[in-house]
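Line by line, the protein sequences give chains Z and C.
So that you can map any letter, position 145 of the first sequence is 145 in my numbering, and since no number is skipped, the others follow by simple counting.
Counting the second sequence from 1 gives a position; my numbering is that position plus 368.
Source of the hints: derived by calculation from the structure; they are not laboratory data.
Take the hints with a grain of salt, since some may be wrong.
Examples of chain Z residues toward chain C, derived with CB under 10 Å [said to hold, decoys possible]:
1) 180
2) 181
3) 183
4) 184
5) 187
6) 270
7) 328
8) 331
If you're wondering where the values come from, they're calculated on a predicted model, not measured in any experiment.
C-beta: ideal position from N, C-alpha, C; glycine also.
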Amino acid sequence: MTVIETEFVRNRWYIGAFTDQVGRGLSARVVCGEPIVLYRTRAGEPVALADRCVHRRYPLSRSALDGDAIVCGYHGFTYEPSGSCVYVPAQQRIPRTARVMRYPTVEQDSFVWVWIGDPDRADASTVPRAPWLADPAWATVGGQEHLPARYALLVDNLLDLSHETYLHAGTIGTPEVAATPITTTVDDDNSIVHVARHMIDVECPPFYARSTGIAGRIDRWQDIEYRPPCLYLLHVRIAPSGVEPSSDGEDSAAFHVKVVYGITPQTAHSTHIFWAVARDFAQDDPEVSDFLHMSNRTVIGQDIDALTNLEQVITAEAAAYRELSVNIDTGGLAARRLLKRMRRNEPAPAVATDAPVDTAAAVAGAGS
Amino acid sequence: MTGAVYRIWWTPGQDRLTAVCFCRARRECDDPITAWTWLLEHPTDHHPPPERCGADPGDATLQRAGAST
Numbered sequence: 001m002t003v004i005e006t007e008f009v010r011n012r013w014y015i016g017a018f019t020d021q022v023g024r025g026l027s028a029r030v031v032c033g034e035p036i037v038l039y040r041t042r043a044g045e046p047v048a049l050a051d052r053c054v055h056r057r058y059p060l061s062r063s064a065l066d067g068d069a070i071v072c073g074y075h076g077f078t079y080e081p082s083g084s085c086v087y088v089p090a091q092q093r094i095p096r097t098a099r100v101m102r103y104p105t106v107e108q109d110s111f112v113w114v115w116i117g118d119p120d121r122a123d124a125s126t127v128p129r130a131p132w133l134a135d136p137a138w139a140t141v142g143g144q145e146h147l148p149a150r151y152a153l154l155v156d157n158l159l160d161l162s163h164e165t166y167l168h169a170g171t172i173g174t175p176e177v178a179a180t181p182i183t184t185t186v187d188d189d190n191s192i193v194h195v196a197r198h199m200i201d202v203e204c205p206p207f208y209a210r211s212t213g214i215a216g217r218i219d220r221w222q223d224i225e226y227r228p229p230c231l232y233l234l235h236v237r238i239a240p241s242g243v244e245p246s247s248d249g250e251d252s253a254a255f256h257v258k259v260v261y262g263i264t265p266q267t268a269h270s271t272h273i274f275w276a277v278a279r280d281f282a283q284d285d286p287e288v289s290d291f292l293h294m295s296n297r298t299v300i301g302q303d304i305d306a307l308t309n310l311e312q313v314i315t316a317e318a319a320a321y322r323e324l325s326v327n328i329d330t331g332g333l334a335a336r337r338l339l340k341r342m343r344r345n346e347p348a349p350a351v352a353t354d355a356p357v358d359t360a361a362a363v364a365g366a367g368s
Numbered sequence: 369m370t371g372a373v374y375r376i377w378w379t380p381g382q383d384r385l386t387a388v389c390f391c392r393a394r395r396e397c398d399d400p401i402t403a404w405t406w407l408l409e410h411p412t413d414h415h416p417p418p419e420r421c422g423a424d425p426g427d428a429t430l431q432r433a434g435a436s437t
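With the rest of the complex left out, here is chain Z (with noise of 0.2 Å):
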C-alpha cells in the first residue's frame, strides 16, 4: 500500500521567488506551511521574515515599509532585516522576545533561494544550480504557477515524461515518448536523480518545430536531471536527425533547451511552480520567446489540471492505497525513495526557549 507524501523536508533550499519578483514592496509567500514576507533593503539586499507580528499575528505583509524596516499595519511594531523589534508603541521597554524570525536568503540564478529549516545548517554552497537562467548566451522565459495539490505529485510528473505523449499531444506530446525507453542513475552521495530518454529518427513536435524552424525528422533527447526536493532540470538536445556531438563536445549544430522547475511546497496540499525555459537559439527573437512562453504554460497548465483532479481523488480515498508501478515509473520511484530519505533524516526540531510569544499573556491565557 502507498501513501503519497505531503510531509515537507525543512533543511533545504527552496525557491522563494524570482529576483525580479522581490523589490521595496512587501509580498506574501507561504513557503513548507510558514508565512514569510519578502522584500528588498534599500542595499538591494532581499529579505525574508516570518509574516506575523508578534503582538496579534497581524501579517507584515499587510503594512508598510520605514527605510529598511517593516512598520506593521496595526499597531506599528516595528522590525529591521534582523527580524529584531526595534518600536513598540507607547513604551521604553522592547521585551526580549519581541522579534520574528529572518529566513536566511541567497539570490542566485534569477531566483531567491529560502531557507526554513534550521538556521544554523544554511550553507549558501549546497543551493542547487541553473546557471543559465542569469547567462546572457542564453535566452529565457519563465512563469511561477499555482499548483493545488502535493508536491509528491509533480515530482512523479515531472520524473515520468511519457505522460507527455498523452497528456501534452500537440505541444511537446509525440508517440515516440512514451514509446523510448529510458535509464535511470542514481547518485545516491549526492541525492540525484538522472533520467534519459533519448529518442532517435523521431517527429518533431510543436514546441521544438516552431521554435528551432527544423522541419524534418530529429533526435531528440530528454536528460532528466532531479536534486530533490527543489529543483528540476530537463536538459534537451534537439538536432536534424543524424547529427552528433563532435567526439571533444561541440554540438552548434543542435538545439538546446534548458527546462527549470523550482518545486517549492506552499502547505502539504498545494505547491508553488516556478518554472523557466532556457535556450542557446534565436536568443534575439521575440516571437520564439513569445512561442515558447505560451507553449509551456499550456503545457504546465495542463499538468496542473491533471494533478489537481489526482490531488483530489487521492485525498478523497482512504489512508493508503494500491497503485501499479511500471518501467515508466523507475526514475519517479528513485525519487521517491531519496525523499523519503530526507525526510527521514530531518533533525527533530529544536525545543523553542525563547519563542517570540508573551510568556505572561500566554500563563494567563489572555485573548484580545
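Using the hints provided, position chain C relative to the given structure of chain Z.
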C-alpha cells in the same frame, strides 16, 4: 562519500530492466520495484560476484519508501 551510483537500464525492444550496482553486480528484473529493492538490499560490502544477488529480493525497502506495486 561512498561513490554509490545505481543504474537501471530499460533494454530497447524488451520489457526487461537491468539493474547495475556501483559494485558492478547486475541483475535483470521484470519491474522497477524489484530492481530498486535488489539494488538497495544486495550485500552491502559490494564485493563482486554478488552471490546473493540472484536470490528473490524482498521489497521492504521500497515499500518503506512509498513505492508499492
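Structure-based check of all given hints:
A distance limit of 10 Å between C-beta atoms decides the matter here; for residue 180 of chain Z the minimum to chain C is near 8 Å, and the interface restraint holds. This hint holds: residue 181 of chain Z has a C-beta 4 Å from the nearest C-beta of chain C, less than the 10 Å allowed. The closest approach between the C-beta of residue 183 of chain Z and any C-beta of chain C is roughly 5 Å, which is under the 10 Å cut-off, so the hint is satisfied. The restraint placing residue 184 of chain Z at the interface with chain C holds, with a minimum CB-CB distance near 5 Å, inside the 10 Å limit.
Residue-level restraint check for residue 187 of chain Z holds (minimum Cβ-Cβ distance to chain C is 6 Å; threshold 10 Å). A distance limit of 10 Å between C-beta atoms decides the matter here; for residue 270 of chain Z the minimum to chain C is near 20 Å, and the interface restraint is violated. The beta carbon of residue 328 of chain Z is positioned within 10 Å of a beta carbon in chain C (closest approach about 9 Å), and the interface hint is therefore held. About 9 Å separates the beta-carbon of residue 331 of chain Z from the nearest beta-carbon of chain C, less than 10 Å, and the hint is met.
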